[in-house]
Amino acid sequence: MERIVYMDNAATTPVDPLVVEEMKPFFTEQFANPMTYMHSSMGDVAYTAVENARQRVAALIGSHPEQVIFTSGGTEADNWVLKGTLERATRERLHKPGHLVTTEFEHHAILHSALALQRQGYDVTFVKVGHEGIVDPDDVRRAMRPTTVLVSVMHANNEIGTIQPIAEIARVAHEHGALMHTDAVQTTAHIPVDVDALGVDFLSISAHKFNGPKGVGILFVRDHGALYPFIDGGGQEWGLRGSTHNVPGIVGLGKAAQLGRERLPGELKRLTGLRDMLLDKLSSRIDGIAVNGDMKQRVPQNLNIRIDGIDNEPLLLAMNEAALIAAGGSACTALETVPSHVLTSIGCSLTEAKASIRLSFGYFTTEQDIEYAADVIPGLVRFLRAMA
Amino acid sequence: MDKYSRATIREFMSPSNIGSIDDPSGTGHITDNADSVELTLFINVDAAGHITDAKYRVSGCTALIATLSVLSKELPGKAIEEALTIDMPYLSSLLEGLPESKWRCAGYAVEALHLAIEDYRSKTP
Ligand SMILES: Cc1ncc(COP(=O)(O)O)c(C=O)c1O
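First to last, the sequence lines map onto chains A and B. Per our numbering, the very first residue in the first sequence carries number 54; after that it's consecutive. Per our numbering, the very first residue in the second sequence carries number 12; after that it's consecutive.
Calculated directly from the structure, the hints in this document are not laboratory data. Model, not experiment: these values are computed from the prediction. No residue lacks a Cβ here, since even glycine has one placed at the ideal position from N, Cα and C. A couple of the hints might just be wrong.
A short, non-exhaustive set of chain B residues, derived as facing chain A with CB atoms under 10 angstroms [said to hold, decoys possible]:
hint, residue
1, M24
2, E49
3, D64
4, S70
5, C72
6, I76
7, Y101
8, K134
9, P136
Label pairs and their calculated CB-CB ranges [stated by the list, open to error]:
hint, chain 1, residue 1, chain 2, residue 2, range
10, B, S16, A, G288, 49 to 57 angstroms
11, A, K181, B, S16, 37 to 45 angstroms
12, A, F436, B, A45, 23 to 31 angstroms
13, B, K134, A, D333, 48 to 56 angstroms
14, B, K14, A, L71, 15 to 23 angstroms
15, A, T89, B, A45, 30 to 38 angstroms
16, B, R115, A, P199, 20 to 28 angstroms
17, B, S16, A, A439, 33 to 41 angstroms
18, B, H125, A, E221, 51 to 59 angstroms
19, B, Y101, A, K181, 41 to 49 angstroms
20, A, D189, B, R115, 37 to 45 angstroms
21, A, D333, B, A58, 54 to 62 angstroms
22, B, P100, A, P199, 56 to 64 angstroms
Could you put the whole structure together from the sequences, leaning on the hints where they help?
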C-alpha cells in the first residue's frame, strides 16, 4: 500500500500500538465482567484494570478517580451532561423549565442535544462567537438568567482549534449559581487540562482523539448528585451509567491517557513547531491564504486555512488522489454540502467557508509529512485556480 | 453509499476543454454564491446549426467539473436540438454514476448549456 499522509487527526487518530497491546488480553483471556469481582478472580482482574484506567484518566485531568465516569465516547458524555443536569434541576429545584447557555459553534453532540432540550420546552441561549473564534465571557454573563442551570462551552473548537477562556466563563457561571461544563475532546492530552484550574463541574473526553480506541470516553462529574443518569441500567459507575463496562476500550483509554500525559509537553512543542512551519510554507507558496480563528489561542494540532477562489470539495479530493488526507468541515458534516456552522459563526461568508480546509496533526505526524503537504497543496491550488 | 466513481475522479483530475472561446456563438454564465459556483460555458455553432466547439471556465464542485468535461466532449458535432436532449441521467451514466447528492451541483452544467443555446438563438436571426 502507498503511504498515506494523514492530516485529519481532529476527526480521529490511529490507536497507538502500545495501547493495542494493553487492550488485547481483555478481548480473550481476561474477558470477565468486572462487576463479578467479589466472587471471581477473573472478574477481579477486569475490575482492577478498569479502576487502573480510571486512575490514569484522573491523573491526566487532575480529578479524583471516582469523578471519572466511563461513557461510550464524547457524544454520550455531552448528551448526558446537558440532559441530566437540566432535567434534574428542573424537576427537583426550579419547578419550571431550566435554562442552558451554550455557544453557536459547539460540536453537534452539544448543539443537537441543546436543540432536543429546546424542543422539550427547556430554554436555551446560543451565545455568539467573535471573529477570532473565541467566546467573550461577558457575552456569557449577559446570557445568564435566574433559571440558568448549566453553561456549556467547548474547551477548544474541533474545526478551528481555538481555545476558550473556560476558567473565566466558569467563574461567570458560578457567580450566577449555574454549573459549568466543557467539552474537552479536542484538548485532552494535547494541552494541559486540569479540572480545578478550569473550574469546571463537568468535562467530556473521547479516547479516539488521542490515540485511544473509538467508542469510549468519560464524563468528569465533580458531584455525583448534580445530574440524573442518562443510561439507566445495572448500577455500574455508582448507578450513574448502566451497561457492562467496555473493558478493552476502557483499558485502551487508560493507556492512551497515561501516554498522553507523558508525551504532552514534548508534543505540544513539536506540533506547534510543525504547524507553524506548514503555515509559513503554504503562505509563501500560495496567494490569498488566511487562517480561520486566532493563531495564538489555538491547540497545536490544528490549522484551518481558507484559500481565495477555491472550493474545498475538489481540493480535498485532489489531495486525496495525492495520498494526503485532510478535512473541510468536521467529519460529521462531511456528507452534507452545507458550509461549516463553525466558520459561519465566526463571520465567514458561505464562499469563505467553502474555501476552507482543516489540517490536523497528531503523534504520528512527521516533519516529512509537513514538507509533503507544503509541496502538494500549492500545486493543486494552481490546478483548480487555472480552471476558473 | 453515495460516493464518486473512479471515472468521475479521473475526469476531474484531467478535465478536457478548459478555456474560453473568443467571439463565441453563445455563452452561458452562472453564478451561485450559496454553492460557490461560478461557471461560463462557451459554444461555437456552424451555419448548419451544429455545435463545433465547447469550452468552459469553472470554479465549483468536483461533480460539476467532471460533468462539464464529459459534456464538452459530447457537444461537438451535435445539432442544437440534439444538444438540448442531453440531461443529467445521461451525463451521469458517462461518469459511471454520479452520487445523487451531487446532481444538483452538476446540473449547473446542463443549465449553462441551455443558457448558451438561448444566447446563440437570440443572436442568430
Ligand atoms: C469537540 C468534540 N466533541 C465531541 C465529539 C464526539 O466524540 P465521539 O466521537 O467520541 O462521540 C467530537 C468528535 O467527534 C468532538 O470533536
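Results of checking the hints against the structure:
Look at M24/B: its Cβ gets to within about 6 angstroms of chain A, closer than 10 angstroms, so that hint holds up. Annotation: E49/B was flagged as interfacial toward chain A, and the flag holds, the nearest CB pair being 7 angstroms apart, inside 10 angstroms. With 10 angstroms as the threshold, the beta carbon of D64/B stays out of range of chain A, its nearest partner Cβ sitting at about 18 angstroms, so the hint is violated. Because the beta carbon of S70/B sits about 4 angstroms from the nearest beta carbon in chain A, less than 10 angstroms, this interface hint is met.
The interface hint given for C72/B is met, as the beta carbon of that residue sits about 5 angstroms from the closest beta carbon of chain A, less than 10 angstroms. For I76/B, the interface hint holds, since its Cβ comes within 10 angstroms of a Cβ in chain A; the closest pair sits about 6 angstroms apart. For Y101/B, the interface hint is violated, the least distance from its beta-carbon to any beta-carbon of chain A being 22 angstroms, above 10 angstroms. Proximity of K134/B to chain A is violated relative to the hint, the smallest CB-CB distance being about 25 angstroms (cut-off 10 angstroms).
At a threshold of 10 angstroms, the smallest CB-CB gap from P136/B to chain A is about 34 angstroms, leaving the interface hint violated. For the pair S16/B and G288/A, the beta carbons lie near 52 angstroms from each other, so the given range of 49 to 57 angstroms is met. Our hint of 37 to 45 angstroms for K181/A and S16/B holds, since their Cβ atoms are close to 42 angstroms apart. Separation of F436/A from A45/B is about 24 angstroms and conforms to the stated range, judged on CB atoms against 23 to 31 angstroms.
In this structure the supplied range 48 to 56 angstroms holds for K134/B paired with D333/A, their Cβ-Cβ distance being about 51 angstroms. Between K14/B and L71/A the C-beta distance comes to about 34 angstroms, which lies outside the given range of 15 to 23 angstroms. At about 58 angstroms, the beta-carbon gap between T89/A and A45/B misses the expected band of 30 to 38 angstroms. Here the CB-CB span from R115/B to P199/A is close to 47 angstroms, at odds with the stated 20 to 28 angstroms.
In this structure the hint that S16/B and A439/A lie 33 to 41 angstroms apart at CB is violated, the actual value being about 24 angstroms. In this structure the supplied range 51 to 59 angstroms holds for H125/B paired with E221/A, their Cβ-Cβ distance being about 57 angstroms. For the pair Y101/B and K181/A, the supplied restraint of 41 to 49 angstroms holds, since their beta-carbon distance comes to about 47 angstroms. Range check, D189/A to R115/B: Cβ separation about 38 angstroms, and the 37 to 45 angstroms hint holds.
The supplied range of 54 to 62 angstroms is met by D333/A and A58/B, whose beta-carbon atoms lie about 58 angstroms from each other. Take P100/B and P199/A: their Cβ atoms lie about 59 angstroms apart, and the range 56 to 64 angstroms holds.
Violated hints, in rising order: 3, 7, 8, 9, 14, 15, 16, 17; the structure is consistent with all others.
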